[in-house]
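Chains as they are written, first to last, in my numbering: chain A, 1 to 334; chain B, 1 to 356.
Possibly wrong hints are sitting among the right ones.
Said to hold, decoys possible - No more than 20 Å apart at the CA atoms, straight line, and that leaves these computed lysine to any residue pairs for SDA-like:
id, chain 1, residue 1, chain 2, residue 2
1, A, K231, A, N155
2, B, K158, A, S117
3, B, K53, B, G267
4, B, K158, A, V189
5, A, K169, A, V189
6, B, K53, B, P223
7, B, K158, A, N155
8, B, K270, A, L153
9, B, K153, A, N190
10, B, K158, A, L197
11, B, K153, A, D77
12, A, K169, A, P154
13, B, K270, A, V192
14, B, K158, A, G156
15, B, K158, A, L188
16, B, K281, B, G267
17, B, K153, A, V192
18, B, K158, A, A78
19, A, K169, B, G267
20, B, K158, A, F199
To be verified - Sample of chain A residues at the chain B side, in silico, Cβ under 10 Å:
id, residue
21, Y146
22, N155
23, T157
24, S170
25, Q296
As the list claims (entries may be wrong) - The following label-pair restraints were derived from C-beta to C-beta distances:
id, chain 1, residue 1, chain 2, residue 2, range
26, A, V46, B, G201, 49 to 55 Å
27, B, K153, A, P196, 24 to 30 Å
28, A, Q161, B, T151, 30 to 36 Å
Note that these hints are calculated values from the structure, not bench results.
Where a beta carbon is used, it is the ideal one built from N, C-alpha and C, also for glycine.
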Amino acid sequence: MSATPVSATPERIPWWRDRRVMPWIVQAVVGLVLLLVIALLVGNLVRNLTAAGLLLSWRWLGQPASFDVAESLIPFDASMPYWRALLVGLVNSLRVILVGLVGATLLGTAMGMASFSGNGLLRRLARVYVEVIRNIPLLLQLLFWYFVVFLALPNGTAAFQLPGIVLSKSGLYLAWFAQGFSWHGPELVNGVWQAPLRFSVEFTALLTGLITYTGAFVAEVVRGGIASVPKGQWEAATSLGLHWSASMRSVVLPQALRVIVPGLNSQYISLAKNSSLAVAVGYVDLYSVSETTLNQTGRALEVFLLLLGSYLIIDLLISAVMNGVNQLVQIRER
Amino acid sequence: MQPSPRWLLALPLLLAFTLSGCADDSGSGGGVQSMKLSTIRGRDKLVCGVDGKLPGFSFLGPDGTYSGLDADTCRAVAAAVLGDPAKVEYRDLNSSERFAALASGEVDMLARNTTMTLSRDSAGGNGITFGPTTFYDGQGVMVPVASGAKTLKDLDGKPICVESGTTTELNLADRMREQGIAYTPLKFQTGDQTYAAYLGGRCVAVTSDRSQLAAKRSSFPNPDEHILLPEVMSKEPLTPASVNGDPAWADAMRWTVFALFQAEELGITKANVATKVAEAKANKNLADLRRFLGVEGDFGKQLGLPADFVPKAIAAVGNYGELFERNVGSGSPLKLERAENRLWTQGGLIYSPPFR
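Chain B with its partners taken away, still in its complex shape (with noise of 0.2 Å):
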């Protein structure tokens, strides 16, 4: 809540264009040479982006520290480029300040439950450098069971709530039009708003990723009263991003969560960690495992991170199954279903490209 007119942001935007210097091209050439990641060593703080208020993916808890998924993001990366898990200052950004937030410098990376698209990640659009995505989502719609209302079709002439600047407005526009249904789309600039609006009984549906309408049914007061409709709107893969520009700092934070669906397909977990290192240091022919855990071999050196960021990142947080497990999954209020988010080797999309 700020009173000020939101535009403001875009002043310093601007500003920074007009009055920096052109200075710096510098930083080519081979070797290692990081503007963001020097900057991140140099205040020894990794700045995450995230949304902190989405049960399961970025959360302010009341004890004053942040949990999920997203949050667990920021984690392993401040624990593989700075060793320490806890080196980490969020800012919660709404959707439409995040890319802007990027773009300024203001946040080093975003785990904010945002949407790869082409135009995002275009240099002619939002111009930001994606990760492997965490979340494979899709968009869904939740009503009040009141409403009796069982597809897209009985929310024809409807008002239906939406968080303006994200993907979902357009699938929502995108999909009635195709279906030929008539609505009122009410557009929020806060994830408050529009689910405040929703409860207010203002809009008969609301939409967004069916893991966020999950997470923020169970804040509801009464969550039995509302149900997800069974259409899937979209394709949502939730991914963690970085400026374009630094190709070094993008690397490190590709591969560091790449760590961590390649340790669950390893089976190294937060608990055993520990002696799996032990292993690789005293066997010399488990080869791959001691390059993955930077025992031998230089990966570290070749993202300009660490020898050992591999286990830094698994000891702060666990594997990615882990993560999942205990953020959203089983282990968690949501209770979702892992769904497209498992293995690929049990039928999923999550996948390491080699660790070589």
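Chain A with its partners taken away, still in its complex shape (with noise of 0.2 Å):
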């Protein structure tokens, strides 16, 4: 194999000393020895698959769920399928990320803003929060603001009652429209409490812990972001007879952006990935619909297949997400 330079110099340089050919070469063995691989593994895969019976097959996925999830978006019930019970579990996944994300954005706005407040005291509170939250592991949070703080709720008529806010035991609910645009609160019909919008107490919980963990990070991630804009611009706002929140808002924050997205991205993709932990309050997210359905179907491989496929997916399209506001937030240089 011999490559013939385009060099106007008529001696030729052999190809393991040209800079234009061997890198070329480098790259396709190295590439070849990966696909060998990558094709043995596969190979090794389906082999050991066929002789132990477990051959990956997806028909069960249309066979009925034969059971009831506590909360679904989408309607369901027992007699429908798998694919759907398992989108039951992937759509309150989804609510459970979304509503996350914007909770522990503002959450973690906040406080770290207010680290940088005049106030001494929000200053600390903002320190002992992020400090406190940090430190300890999420599956803790999750377990004590559901077993300690939520389960030990009055239920009933001693339910705690704000004007449009229930929150009890069983859940939270929310005054809202309903039946033609007219606003209903939460009542108490035969015990149980009745709203238009209700949270199970189990998805509050799994909410609260997410917010508070991951706000505790996104709090750093603001933090590092405005300490970052040079004391100069902070002068130069006060100077214009900014207040310290106007000068935040509108010369500080901007220029702080550009440090804080892509921080933020890692911190939201973790967020994704930990509302898999739902299943240690009881919350019928995706993880804990698919371990039913391998209890039942034994399909192991397939069905873990299915969920790192889209807990991939889900983190992949939040970086995709997360990489355009970077790049609307960067300076444009002309």
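Assembling the complex is the task here: the two chains are given apart, and the hints tell you how they should meet.
The structure is reproduced here in structure tokens:
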């Protein structure tokens, strides 16, 4: 194999010293080896699975699930197929992830900004929050929120009531528009709270845990971002007569965003992954449904491939969106 | 409690299938060749998957030893295979982990109050091999006395706590659907979480095998405040299990358990097994007893076990009746009736095929 250099010089450079050819050859060899290894592994997998009678099959997805789920945004009953049950889990996961992302961003930004506040109490409070929350394992926090805080709430008439909001052991009930845009508040019917907008206590506990936990990390990212803005910018804003909050909002934060956004990306991704701890507090997320499905069908590899694929796609989507946001906040250099 | 997502558990399984060679198709042909038996002998320890938190079945006591019907089953098998009931390493598994742990070879056998079902047994399902049923159970529902619930119908529209990854979860769905009762299933990954949520008042009822409910109730702060509803929702034959694909190992386990049944039928107990062996050795006419206790014949060899595996197992844990009374019956806090778990000679379901 010899390359013909298209150089003007008449003397031929041997191919093993040609810097236009060698990198290609090295790449090709590495690529070939990689392909061979993958082919070997996949071949081995298929052979072993066939020998064990476990070759991938997806027909079970269409069979009736015959188990119930506690809460679902889409209609579901036990006679519907497995794929539908898994979809219910996915929707529930996405629900807690999306609300969690918004909540963690708001809480984290507020706490990150608070650590620059002139108010010493607020500043220290923000520090204590971050240090306490981020140093305790999330699973422990979730179990704490669920078993210690939310399950200790009173039920029925004794529930905490504010206008339009009821918080009880069975869940969080909010006033919302219902039936022809009329405002409906929570009401007690036969000892059970009813409201147009209700969140189960499992969802609420999981959400609280995820938001406070991720919020602490977001606060640190935001703090780092703000700290990266040169002090001169603060002073310039102050000399223009801007108040602390106005300088923060219009001068410092927009510049800090460039540093904040890439850091947020990984926090958002961990929130999405951490949502799979839902099973510890009895929330029916994708993982919880998958576990039941796995137990019934015995299709371990298929179920886990679906799970791995789903979380991978969710995380890649979050990453893609955040990369888009990152492009928006970068300085346009001309 | 593991901070990492539980699905990581499946990765070893995937890797095992990806990376393992295909050299394990030896061991066929005549004679007793069992990979598992030689593995167990090699490490001189039986690794037994148990629940570990269920009084009466497998429960890790304050002194660091396991007690219970399931734990004793492990001991009997260890005594039969290795000659010493203490050579057991217990592995606590939750309901969803147990089959993966067995399939990946992390445990040699399960004695983990596991219901035998078609889909768990079949090669196209979980693909495990069941031994003889050691406890015939049924699913029940426990409610606080204060709730006033008397039947399943009273639970209409209420949340019910259940452990995920169990047959219980499915039976609950089936029974409620049949009777047209609406309910909210709250699923938890471990028994501890399930009962914590029930005691925390999140559910009006908790459902599981009746023996398990009774066992868990015995460890509640106020056991008298909870009752079992009269309905029995399903059949739950709790059965020890081993992997598919090693029939010799499955046989060894199966016949060790049968030996405990047979011992009760023959009136051989932990206390008198030594004298029975001496008696059998002295009297050539007691052919049945001599074969059973391994004094003559080669039952042990046929199974790939020592000739005296039966007396070793009985000496370790006693016969099935002793096992039952000590762990879940009159000699235990659970005080369960023998009911279906009596010997067949007394109208129960406990039956050993002949040792021939």
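Hints and how they fare:
A C-alpha spacing of about 52 Å is found between A:K231 and A:N155, which places the hinted pair above 20 Å, so the restraint is violated. Restraint check: the Cα-Cα separation between B:K158 and A:S117 comes to about 48 Å, which exceeds 20 Å; the hinted pair is violated. Between B:K53 and B:G267 the alpha-carbon distance is near 32 Å, which puts this suggested pair outside the 20 Å criterion. Note on B:K158 and A:V189: the hinted pairing holds, with a Cα-Cα distance of about 14 Å set against a maximum of 20 Å.
Pair hint A:K169 plus A:V189 holds up; C-alpha atoms about 16 Å apart against a cutoff of 20 Å. Only pairs whose Cα atoms come within 20 Å are accepted, and B:K53 paired with B:P223 is accepted, the gap being roughly 17 Å. With a CA separation close to 13 Å, the supplied pair B:K158 and A:N155 stays within the 20 Å bound. Our distance criterion of 20 Å between C-alpha atoms is broken by B:K270 and A:L153, whose separation comes to about 52 Å.
Taking the CA atoms of B:K153 and A:N190, the gap is near 16 Å; set against the 20 Å cutoff, the hint holds. As the CA atoms of B:K158 and A:L197 are separated by approximately 19 Å, the hinted pair is consistent with the 20 Å bound. At roughly 19 Å between alpha-carbon atoms, B:K153 and A:D77 fall within 20 Å of each other, so this suggested pair holds. Between A:K169 and A:P154, the direct Cα distance comes to roughly 6 Å. Compliance with the 20 Å bound is thereby established for this hinted pair.
Restraint check for B:K270 and A:V192: the C-alpha separation of about 56 Å exceeds 20 Å, so the hint is violated. For the given pair, B:K158 sits about 13 Å from A:G156 by alpha-carbon distance, which is consistent with the 20 Å threshold. As the CA atoms of B:K158 and A:L188 are separated by approximately 15 Å, the hinted pair is consistent with the 20 Å bound. For the hint linking B:K281 to B:G267, the alpha-carbon distance of about 17 Å falls within 20 Å, and the restraint holds.
For the given pair, B:K153 sits about 17 Å from A:V192 by alpha-carbon distance, which is consistent with the 20 Å threshold. A C-alpha spacing of about 17 Å is found between B:K158 and A:A78, which places the hinted pair at or below 20 Å, so the restraint holds. Between the alpha carbons of A:K169 and B:G267 the distance comes to roughly 55 Å, so the proposed pair goes past 20 Å and is violated. A distance of roughly 16 Å separates the Cα atoms of B:K158 and A:F199; the hinted pair therefore holds under the 20 Å criterion.
With a least beta-carbon distance of about 8 Å to chain B, the hint placing A:Y146 at the interface is held under the 10 Å criterion. Annotation: interface hint on A:N155 holds; nearest CB of chain B at approximately 7 Å, less than 10 Å. The interface hint given for A:T157 is broken, as the beta carbon of that residue sits about 15 Å from the closest beta carbon of chain B, more than 10 Å. Contact between A:S170 and chain B, as hinted, is supported at the beta carbon level, the nearest pair being about 7 Å apart and thus within 10 Å.
The interface hint given for A:Q296 holds, since its Cβ lies 7 Å from the closest Cβ of chain B, which is under the 10 Å cut-off. Our hint of 49 to 55 Å for A:V46 and B:G201 holds, since their Cβ atoms are close to 51 Å apart. The hinted window of 24 to 30 Å between B:K153 and A:P196 holds, with their beta carbons roughly 29 Å apart. The hinted range of 30 to 36 Å is satisfied by A:Q161 and B:T151, whose Cβ atoms lie roughly 33 Å apart.
Against the hints set out earlier in the document, violations occur for numbers 1, 2, 3, 8, 13, 19 and 23.
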